[in-house]
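Chemist: Those sequence lines, one after another, are chains A, B, C and D. Numbering (the numbering used here) for the first sequence: 3 to 435. Numbering (the numbering used here) for the second sequence: 3 to 435. Numbering (the numbering used here) for the third sequence: 19 to 391. Numbering (the numbering used here) for the fourth sequence: 19 to 391.
It is worth saying that the hints were derived from the structure and are not from the lab. Some clues are possibly wrong.
[What the hints assert, rightly or not] Chain C is nowhere near these chain A residues, computed Cβ spacing over 10 Å in every case:
id: 1; residue: 76
id: 2; residue: 244
id: 3; residue: 346
[Claimed, not checked] Label pairs and their computed distance ranges (CB to CB):
id: 4; chain 1: D; residue 1: 208; chain 2: A; residue 2: 82; range: 33 to 43 Å
id: 5; chain 1: D; residue 1: 355; chain 2: B; residue 2: 323; range: 16 to 26 Å
id: 6; chain 1: C; residue 1: 155; chain 2: B; residue 2: 310; range: 17 to 27 Å
id: 7; chain 1: D; residue 1: 178; chain 2: A; residue 2: 396; range: 33 to 43 Å
For glycine and all other residues, C-beta sits at the position ideal for the given N, C-alpha and C.
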Amino acid sequence: MVAGNLAVCQISTDNPIGPGPALDRPWTDRRTTAERPMGPTMDAPMDLRFTPAQEAFRTEARAWLAAHVPEPGSLPSLDTAEGFEAHRAWEREMCADRWSVVSWPEEFGGRGVGIVEWLIFEEEYWRAEAPLRVSQNGVFLLAPTLFEFGTDGQKQRFLPAMASATEIWCQGWSEPDAGSDLAGIRSRAVRSPDDDGWLLTGQKTWASRGAFAEWCFGLFRTDPGAERHRGLTYFLIEMGSPGVTVRPIPQIDGETGFAEIFFEDVLVPDEQVLGGVDRGWNVAMATAGSERGLSLRSPARYGEAARRLVALYRRCLVDDPARAARHADAVAQAWMDAEAYRLNTLWTATRVLDGGSVGPEASANKIHWSETDLAIHRTALALLGPEAELHGTGTVAPWLDGYLFALAGPIYAGTNEIQRNVVAERMLGLPRA
Amino acid sequence: MVAGNLAVCQISTDNPIGPGPALDRPWTDRRTTAERPMGPTMDAPMDLRFTPAQEAFRTEARAWLAAHVPEPGSLPSLDTAEGFEAHRAWEREMCADRWSVVSWPEEFGGRGVGIVEWLIFEEEYWRAEAPLRVSQNGVFLLAPTLFEFGTDGQKQRFLPAMASATEIWCQGWSEPDAGSDLAGIRSRAVRSPDDDGWLLTGQKTWASRGAFAEWCFGLFRTDPGAERHRGLTYFLIEMGSPGVTVRPIPQIDGETGFAEIFFEDVLVPDEQVLGGVDRGWNVAMATAGSERGLSLRSPARYGEAARRLVALYRRCLVDDPARAARHADAVAQAWMDAEAYRLNTLWTATRVLDGGSVGPEASANKIHWSETDLAIHRTALALLGPEAELHGTGTVAPWLDGYLFALAGPIYAGTNEIQRNVVAERMLGLPRA
Amino acid sequence: MHFAFTEQQNEFREAVRQVLAKECTTDHLRAAHGSPAARTPRWATLADLGVVGLSVPVAHGGLGLGLVDLVPLLEEAGRVGLPEPLLETTALAAPVLVGLAGLGGSIRSAPGADAATSLRLESIAAGGMAAAVGAPGPVSAPLAGADGADLFVLPAPGADGPEVHVLESGAVAVSPVSSLDPTRRLGLARWEPSPESRVATGALAASIIGQTADRAAVATAAELLGLADRMIGMAADYARERHQFGKPIGSFQAVKHLLAGAQVKLEFARPAVYGAAWALDQTDPAVAAAAPVAAVTAVAAVAASRAASTAKAYASDAATEAARVSLQVHGAIGYTWECDLHLFLKRAWALSEAWGSAADHRSRVLSSLIGPS
Amino acid sequence: MHFAFTEQQNEFREAVRQVLAKECTTDHLRAAHGSPAARTPRWATLADLGVVGLSVPVAHGGLGLGLVDLVPLLEEAGRVGLPEPLLETTALAAPVLVGLAGLGGSIRSAPGADAATSLRLESIAAGGMAAAVGAPGPVSAPLAGADGADLFVLPAPGADGPEVHVLESGAVAVSPVSSLDPTRRLGLARWEPSPESRVATGALAASIIGQTADRAAVATAAELLGLADRMIGMAADYARERHQFGKPIGSFQAVKHLLAGAQVKLEFARPAVYGAAWALDQTDPAVAAAAPVAAVTAVAAVAASRAASTAKAYASDAATEAARVSLQVHGAIGYTWECDLHLFLKRAWALSEAWGSAADHRSRVLSSLIGPS
């Protein structure tokens, strides 16, 4: 096909041909996929609508959520012991009806649906103002890695407990001196005296959910000789193990979103090594990829926030038209940013469905969603004006809390400075410094 | 005084004193400068008004300009041979009445007035929509260096001819491979066989006015052994000298704003070395300082542009209120940027008058004026909307030409990237890479 | 949900890209700046490839395709700064004629349109007619592509509301207006509305004008995508070659982050433009048949119009940012006539304002979000 | 033209800076977040230094100075996040009382003001009274410094236009409202306007309310300058210490340019604030006497008001940019409670919106530029 097409170009450029029969021009062949000798969905015409089956899935999800989602704001904060358990209970409730991990295979508690259905579920989840996902680190960050690198035994052992939130995971990536420079990890693991596993020693920090989680996944240096990216191993560690100490880190809003974790000769059996000894970097990058890629931030999250922003703007039009006018342009831009993110996600999802993958675009994605989140909340606070500081007020609190959280967006999951390096080097081919 | 003041703090912090007599607190001493034992203007109260003498100077300048400034836009472009001569004639006319270089000593054709009067003159000059200064490179860039490093002979030889535009100067800084990295200069100078001067060889580029200027000032490497910043010498070169070839460089707007200059064994006598052999870098930095500092871009230039922008906005309010409303915020910001530049210049001027100097603030200055110029013109084009591309139209042309010129602002006189490095390293003490 | 171009569409883009790489080099572009024209050998080549007649029904010698098929080709046109009026002729004028000819819904098996319209459609497909299309707004405004156009589609205020007129060059006096980009071939059109030239009035005229503005927004946005990609690519190439302080300037973080910022804007503008093209096709009876038939509801029309504005706002910002960044990375060299960059800068600046600026479209988006109030 | 502070003013700033460096550390600040109060030992110290009574006439125990004298001290207050109501008491309330007492023009040789006003002025100067001042706008809005204030200056809608009332704490019921920054001591004030509390009506009330808003804009801008300088300084210190990839992060161009951008904004905000303070003093009969007498023309008043808005818009943007950049440079550590940064972030966010946001003031500037139309 391509050959034929090139042939045409040769002719048409070297000496222009007349408008010959349509079939000289392959792209004028109107036969449907079925009729033509060609790949699967690859040649389906562009169509942004969902299939009847997908719409049915949406209806089912919406109905279930309508019946089960707790009163918005009724659960105590995720970052308190009480709230943590309340959110765990909610995950259990979802899991009971197979809504906690819809895209997983049924054997692990999912519904085995595709990425599009997952996006639809997310739309309904955010529209229903359902609780934050306390299992997020496990479900969105570790699970993709487990599916890719885990043994059958590891999948059986960890996935169902993750789906039901019986075991909640935290992430052990960063260290005090290894933040943006993740390869600077110093925490190490040495063989145990009885050679029945590894002894982990060191300090991890910025572990979200770290204060309450049962399990932790993270990187440790197993080959002190190897340089930077080599000699690291990906471990799955039970937080209850002897030698693990947790120090919660109160954050800017006074709550304890994350924690420091200290390891002192913590014994970890060999079956809790994920993806092979000294292969941790590649294994971890897969997770980092999914963190910045599709799975961490679904468009619905921002679509819903943008919808609320427009509602806030509409109210401001009544209360203080002059103020509303001053921020109209920013409101429109924030809404468009969320919409562009939705479309870009559908575009990427289709590429993945057609067998493609998410490369450095994941970095562009992370820059975009983190800036979109900030733009939406900054604009909302601007519309609230002097009220914006009233963190005790019902209408204000969600925006203010959301803003404080959004402020962390350009920092975690790889700072946006690092992401811009990736975009410049891997998408534009600029040389490393 | 300071000692006494410190004493007070000691007391007041270690054990608070009661509201004693005012004189325990030096800053409550209301005696005037005259009455107190203290420095010159240093202690004059803040006052942004001009003195009667300065206002009289303004009146005189305004009157002269009103009587002599040619019809705005009536002179052909500075970048054509014809326009160049027309602008030279205008400089002569100014010089005849001692208005071309007001801040120079009278012996060289000036009025010996201070920096404040110079700022006042600039305000009047721009308000009168007087022609661009074809002598700018000489008057604003070379002259300060001549006054600082030149011999009496050099001053006598070059300044009066510069003031009368009998000799117009261009700048020979950049080379094809030495732009932001000015120290990368390769053009060299070797002693002439008869030891009566130097033979210059090499290539300079981006020489504004280079196509028509009579003289050129620039840096050449006199000690090939020395590294980068050392071994450079500052030369004054007659463009008519044998071995000088000029190639005009047409720019984005089709006109030839600058030129490449090729030197082939150009003989330059010793008396045309400025500031000593191998000392060129320090000498040049003085000029670069003044280029980015106070003398290159007077606030009046942007104040006048901002005034015209507000007028354009007022017209847009009538023609297309909705469009005007969309850009109101940008119009206000652009006006404020120009106003902030005016105030910052008065602030710096006062510091200079009080014996201070302009340091890395010059870099902050350059970033601000170049961005202000862009903001003013970008906003004007936004108000013009679809008309903005009509470069033949009277109302549009000045804004479009101004925009094209403003686009070069972040590039010339040291790119804004380089300036940000200077601000970060010299104002904030961040380490060099 | 399948949000991607078909292999056919990608092949067509690739074919056109290869042709334009040869037939629309920057040398060609500089020549066109010197003596801009509407119909050129290159135009004939594009007609032969089926590009010019893409939106003309098969029965009239075209390909009978929609905006989704055209958008990738407009991107390629933008990438090379194509001087010819592909946008005006194929994206705007032909669809208006198709609509008038009542070919809606059955575009590929077209019944006889009225004679004049049929002839014009055939002439367009054969590369014999280049068009200029008027935007809503002051009739006195200069018209892109007017200087040298064969066919004019012009809105005009009528006794009972807006009207649409179609005239050929003989009936329109054009006085050229110079643009920063000469290949825009701007002109002021003086003409007399007549019963013969009037093709639509009232609601029909209003809908044609509205749909044309939306199609223009998306088509212009598509060209801006190509322009942005070209300017970013030129800057990246230069940043790899140009050395200062002993290394390529592209290895400096300041340069990397300038270009990365522009690239991210472009990445997110693309799907916005593609999605808007699909949405407009869905509301275009002449094309909807291509996809599983969709009833064109008022809601869908509003959403499509909002998508078109989102696309134009995003693409305009992406292209002006790419222009700013690319010039900054090039430094002084980018400010010269010798450097090709200005050929694309000027077109990007012109197109970012054409058919509504980013700010204009943002306010359209917001109004449609808060609805009539 | 002499645009600089006097040696006296610089010495005063330096003295206050040294005192606050000891008396208002971040430990003090954290304590104040726990139990915010209006009058503290630190307040007494500031009163002893003459800071609190700066704008109170000498005859009433103050220094009889103007806004130009106060601005550098407010900058220092901002630098340390001073929790006490220096702005409300010294920059706003005292000048209102001075104006009411008809001390204008002869502030330093004050004739007898009415008894109550004299007592209040003396009490302020002695550190015995901390004030809260109401802004124009909804009476229901929370009042900064209300929780714990001794004196209230409150605008209120009256039968014939706006009125100004002055009440002491006994006459006002305050219900605390929690702010992101507890040291703001926000509160809703419930009170009954009475002939006794009414101090101004009609034109006088309007001018007091307007001048107070202008003074508040400039005084808040001054605190924002200090906050921005503090946050940039903290980030620069951190960028020198923190190492990644084997070098200080401050040596990376991305970090340098983030901070340089914020620094440039701050550099240009400063003179805008100083110039506005001077302009307001010129239009204040109580202070103008300090400088060579200037007749307060309507034009000068409009220009002064515009200068005040320019100052607040610039300082608000400079401070919010400094906050954003400083947090980004600190990374995750800046997001923790342990790191002192948030103490300044929260105040900067609150003050950037207080007494009019940057956008609010930009539109004020533009209206005054195009004049009434």
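Chemist: So, for every hint listed, does it hold in this structure?
Modeler: Tested hints:
1. 76: 30 Å, holds
2. 244: Since the minimum Cβ distance to chain C is about 45 Å, residue 244 of chain A lies beyond 10 Å and the statement holds.
3. 346: Not fine: 5 Å to the nearest Cβ puts residue 346 of chain A too close to chain C.
4. D/208 <-> A/82: 33 to 43 Å: Holds, since residue 208 of chain D and residue 82 of chain A (Cβ atoms, about 34 Å apart) stay within the stated range.
5. D/355 <-> B/323: 16 to 26 Å: 49 Å, violated
6. C/155 <-> B/310: 17 to 27 Å: 25 Å, holds
7. D/178 <-> A/396: 33 to 43 Å: At roughly 37 Å between Cβ atoms, residue 396 of chain A and residue 178 of chain D fall inside 33 to 43 Å, so the hint holds.
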